[in-house]
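Chemist: Here is how the chains run, residue by residue.
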Amino acid sequence: MSLLMAFLIGGSLCLIGQLLIDLTKPGITPGHVLVVFITAGAILSGLGLYKPLVDIGGAGATIPLSGFGHLLTQGTLKAVEQKGLLGAFSGGVEAAAAGIAAAIIFGYVAAVIFNPKE
Amino acid sequence: MEIPNAENLKQAEIDEYDSLVQQLKPKPPLLKHCFWAFVVGGLICVLAQIILDFLQAGGMGQTDASSVTSVIMIFLGALLTGIGVYDKLGKTAGAGSIVPITGFSNVIVASAMEFKREGYIFGVGAHIFSIAGPTLVFGFAVSTLIGLIKLLFM
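Protein sequences, first through last, are from chains A and B.
6 is the number of the first residue of the first sequence in this note's numbering; add one for each residue after it.
90 is the number of the first residue of the second sequence in this note's numbering; add one for each residue after it.
This is chain A alone, in the form it adopts within the complex (with noise of 0.2 Å):
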C-alpha cells in the first residue's frame, strides 16, 4: 500500500515538473525545474500544506525535491522554537546535513572518477 501511494504521488509530482517544462517559455532547464520545486515545497511546507501530502504518499513526497524544501523549513521552524533567532539560520543545514554532504561527496568523487560520455 505504501509503495502504490509513493507511486501515485512521487509520479504525479514529477507530472507537474513536465507539464513545467512542456507548457513554460521554452529554455527552462532541469536547475530551473528544481529551483522551482525546492521554492514550492519550501512554501507549502511553511503554511502547513506539505506535511499531509508526506503522511498520505511517503517517499512518494519527501524524494522529489519538493520533499527537501519541505525539511528545510520543518528544520527551521522546529529551531526557532527551541533557539529563537538562531535556530531560524541553522535549522534548515541541520536537517538537510546529511543529503547536502552526501551531494557533495558522492557528487565529487563520481565526477572524479568518471568522464563524460560521447
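The hints are simulated quantities; they were obtained by calculation from the structure and are not laboratory data.
Watch out, some of these pointers could steer you wrong.
[To be verified] A short, non-exhaustive set of chain A residues, derived as facing chain B with CB atoms under 10 Å:
hint, residue
1, 9
2, 25
3, 36
4, 90
5, 101
6, 104
7, 108
8, 113
Think of the CB as a built atom: it goes at the ideal place given N, C-alpha and C, for glycine as much as any other residue.
Dock chain B against the given chain A, drawing on the hints supplied.
Modeler: Structure of chain B alone, referenced to chain A:
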C-alpha cells in the same frame, strides 16, 4: 557603402535559423512526456519507499530512516550519472528523472564532470554547484525567511 559587420551578420543568421527551427520543430508530444515522467518518477519514489520501509522495519526512527534513504538515493543518482545510465533514462523520463533527489545528484555530477579539464579544485570543485547551487540558495532563503516570520508571530 557600409560593409555589414561580420559579427552582426552571423548573429542575424543564427536568429533566422532559430526562428525557422521553432516553426518546423514538431510540438512536443505532451501526453507521452507526461506518461513517462509519471511512471519513471513514480518508480524512483517506489524504490526509495522500499528502502525507507526496510530501514524502519530494522528499527530506525522515521527522521533518521528518511535521511538515510535520501543519502542512498543521492549515491545511486551520482553512480548512475557517472556510468552514463541516468542521462539515457532522462531522455525518456524528462521531469521524472529531474524532480526526484536523484536528479539533484545528477546535475551535480554532470556539471562537475564537464569541467574536469579545468582541474580538480576550480573545475570539479567549483562546478559541482553550477546548476544545483541556485536550488540551495532559494531553498535556504525561503526556509530561513519562514523561520524569521514565525519568530515575529511567535
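Chemist: Run every hint past the structure and note whether it holds.
Modeler: The hints, checked one at a time:
Proximity of residue 9 of chain A to chain B holds as hinted, the smallest CB-CB distance being about 8 Å (cut-off 10 Å). For residue 25 of chain A, the interface hint holds, the least distance from its beta-carbon to any beta-carbon of chain B being 7 Å, beneath 10 Å. Below 10 Å, beta-carbon pairs count as interface contacts, and residue 36 of chain A has one with chain B at about 4 Å; its hint therefore holds. Annotation: interface hint on residue 90 of chain A holds; nearest CB of chain B at approximately 6 Å, less than 10 Å.
Restraint check, residue 101 of chain A versus chain B: the minimum CB separation of about 8 Å is within 10 Å; hint holds. This hint holds: residue 104 of chain A has a C-beta 5 Å from the nearest C-beta of chain B, less than the 10 Å allowed. Nearest Cβ of chain B to the Cβ of residue 108 of chain A: about 5 Å, under the 10 Å cut. The hint holds. For residue 113 of chain A, the suggested interface contact is upheld, since its CB lies about 6 Å from the closest CB of chain B, less than 10 Å.
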